[in-house]
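Student: Using the hints provided, position chain Z relative to the given structure of chain Y.
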Amino acid sequence: MNRRELLVGTASALVAGTAGPAFAQFKPARPIEFVVHGGPGSGNDVFARTITTIIDQEKLLPVRIQVVNKPGGGSTSAAAYVVSKKNDPHVIACFTNIWLLDPLVQEAATNKLLDMSPIARLVVEPALVVVRTDSPFKTLKEFIDAAKAKPGALKMSGGSITSRENTVRQLLMQLTGARWAFISFPSGGERIAALLGGHVDMMIVDPSEAGEQVRAGKLRVIAQVNERRLPHFLDTPTIKEAGFDIPNVPQMRGVVGAPGMSAETVAFYEDLLLKTSKTAGWQKFVEDSQLDNEFVKAADLKAFLTKFEGELREILKAAGAKVVR
Amino acid sequence: MDIASGLLHGFAVALQPSNVIWCFVGCLLGTIVGIMPGLGPAATIALLLPLTFKMDPSGGIIMLAGIYYGAKYGGSTTSILLNIPGESSSVVTCLDGYQMARKGRAGAALGIAAIASFVAGTVGVIGLTLVAPPVAAFALSFSSPEYFALMCLGLALVVLLSGASLLKGLLSLLLGLWLTSIGTDLFTAQSRFIFGQATLLGGIDFMVVAIGVFAIGEVLGSVEDGEEAKVLPVPRGFRNLLPNAEELKACRFAFLNGSITGFLVGCLPGGGATISSFIAYGIEKAVSKHPEQFGKGAPEGVAAPEGANNADTGGALVPLLTLGIPSGGSTAIMLSALVLWGVKPGPLMMQESPDVFWGLVASMYIGNVVLLILNLPLVPLFAQILRLPVYVLFPIIFGISIVGAYGASGRMFDLGLLVGFGLLGYAMSKLKYPSAPLILGFVLGDAMERALRQSLMMSQGDLLTLVERPISAIMLSLALVILLIPLFGWLNRLRVRAITENG
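Chains as they are written, first to last, in my numbering: chain Y, 45 to 369; chain Z, 1023 to 1525.
Incorrect hints may appear among the rest.
As the list claims (entries may be wrong) - Listed below are the simulated DSS-like cross-link pairs for lysine-lysine, each with C-alpha atoms no more than 25 angstroms apart in a straight line:
id : chain 1 : residue 1 : chain 2 : residue 2
1  : Y       : Lys129    : Y       : Lys341
2  : Y       : Lys71     : Y       : Lys346
3  : Z       : Lys1076   : Y       : Lys322
4  : Y       : Lys103    : Z       : Lys1076
5  : Z       : Lys1454   : Y       : Lys328
6  : Z       : Lys1076   : Y       : Lys328
7  : Y       : Lys341    : Y       : Lys71
8  : Y       : Lys346    : Y       : Lys319
Read the hints as simulated data drawn from the structure, not as lab findings.
With the rest of the complex left out, here is chain Y (with noise of 0.2 angstroms):
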């Protein structure tokens, strides 16, 4: 589990402001189920928890609106549950990078993204590139150069193959015709201590995780994973910048409905979100966790979707994971 996961509850405590009622013409009859794919505590979990304390506080809905947890084998359990109620319109979930890579990747995982009802993109997580402050790379563009010149022998910590890190890596190593090794490990804490340790060389973090290191001078950032720079590192270059031509690639958070949901009912919770997502509570929220606020509505979700896992599927095709579909 890791830190930016967890630290997504802060909204539900820091509420303000007004909202009228929603106008559209699917009106809920019973409550709204909201599916995380995680157990209490996790990220997606918190995340889901701070939209319905923010939907209750400023009364954005006539009916409750509660979390149902469904976890296990990554996103296939809440992904089975969403698909077994299709055209249910009381029926939403909140979805990540993994709900897209889990059908990707695993046989057993059947229930795409893409055939349920993308409402909205909400977020986006950035990223840093970090090395020790002993370490002899003060730029990505040294790392590179050195992990050149010793092919597989510098290292760095990650999670699973699928992960956002490993596909950065996967893409510089593709521009630039460098190799170095990526170790998995199951939690933050253990992938932060083999950089601190001195097991590994680099490491893809986020900010949240990370930002305590560099200012007590142990972690140095040489590069960030965003399209632009984060308020708190103007002086690091994004990847772009610092001259590595790779497309960015998103960690997002956002909200799909069962199967079979009709135009107005996605106009319906797209207008919900909308309307949550411009609360004083959410905004002090995204910013306190290092987010950044990238609505996408249900119209453009649907074709960003898709690209993104035409793209994520070649970059897993080259990372050397089995492809299933």
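Tutor: Okay, now just chain Z, sitting in the frame of chain Y:
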């Protein structure tokens, strides 16, 4: 701020009436959570987190930490009384705790668990107070080869846990190793042994295996043995419900062993209370003068793991508070709580937020006393549950087991697995296969495989990396020695037989 004035300052914070109350509330909630199987401290802290936003950070972290270590006190209760582990770190406690209960020493076992928890919990906090920075540096020096060696050392304990037949012990271990490999492989994102079941992609929950094999298997066996009429003996009188001087004396070394093992393994980001409780139990049995009594109700077999899982708390807080690195689910949530209150957990926290750091440390001394006072009077009360006739007791065990297994994941599929593991536990006890090695393999196998693959990826496939580093070389040699002990015994018997036959 030096340690003495820091600690004094901490007590000034922790002894404020409101903070004493938060400490008590946390410990009480933790005890309840610990007793309930399936309800873990991590989930409880996560659910309570929104309620603490308006609290003062010192009071908030004191309460959340109370839940965290209080749950470890409470986890032993159902292990000892009903053979149902309340938390994953109390699984080993079942081995001797339940046997003590069957001999009429349930109260003594609960008392020893509480005292061991108090002693080791306090030693863990003393460690956190005095040696946190050097221990944190030690923890960071652990790389994948060291973790691999540590897990090997743990797995070598199978020799000590096997009972009469080493072969049966090894088969049981292999089954555990296989079961833990079910699910999605971290390195390749490929599924293993899921038989087309998407529900198995996340692997099998440890608590489902432990509750099935221990609790359900035990009840099925007892029913068949015709224990309907027999009520477990519960001696009358308060004094008989607490450990006697002899039992406490036997546990002297176990208290120390549990304290040190728990603290050291706890401070490793890839360690944890479950692993430390197994290792402490193994060490205890390895050095014991009467290892044959382990698994049959040895008090040390309760004291060592219960001590270890409580000393683990102090250890786990070392990387959290000195480096800002969480070592598990509960500490990860406590870390995000600190951020939400505006405290910046990380290398600078000790200097920048002395109230929170030293207040928490001091509150843990108080919390351990609170838990001892809270738990000891409950011992006679809990021991009474064994007076229930089996036709009431067995359904209760089934009920708690089902709630525990379902509570961990909320999936009906896990109840099917629970039945399967219950039948497995029953079959194993009928065929005289020890179940402890299976559980050992399940706990350590995953971490061991991961550490080996990480080591080889780091060394670009060079196996020598495992023995070139001093700490891992020492631990691997120790593991080898433990594995060879039965061989020496076997050679010795051969020699004796040869001498007698020739003579």
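Student: Now tell me, hint by hint, if it's right for this structure.
Tutor: To see whether the hints hold, each was checked on the structure:
no.: 1; hint: Y:Lys129 x Y:Lys341; result: holds, 23 angstroms
no.: 2; hint: Y:Lys71 x Y:Lys346; result: holds, 24 angstroms
no.: 3; hint: Z:Lys1076 x Y:Lys322; result: holds, 23 angstroms
no.: 4; hint: Y:Lys103 x Z:Lys1076; result: holds, 22 angstroms
no.: 5; hint: Z:Lys1454 x Y:Lys328; result: violated, 61 angstroms
no.: 6; hint: Z:Lys1076 x Y:Lys328; result: holds, 16 angstroms
no.: 7; hint: Y:Lys341 x Y:Lys71; result: holds, 20 angstroms
no.: 8; hint: Y:Lys346 x Y:Lys319; result: holds, 21 angstroms
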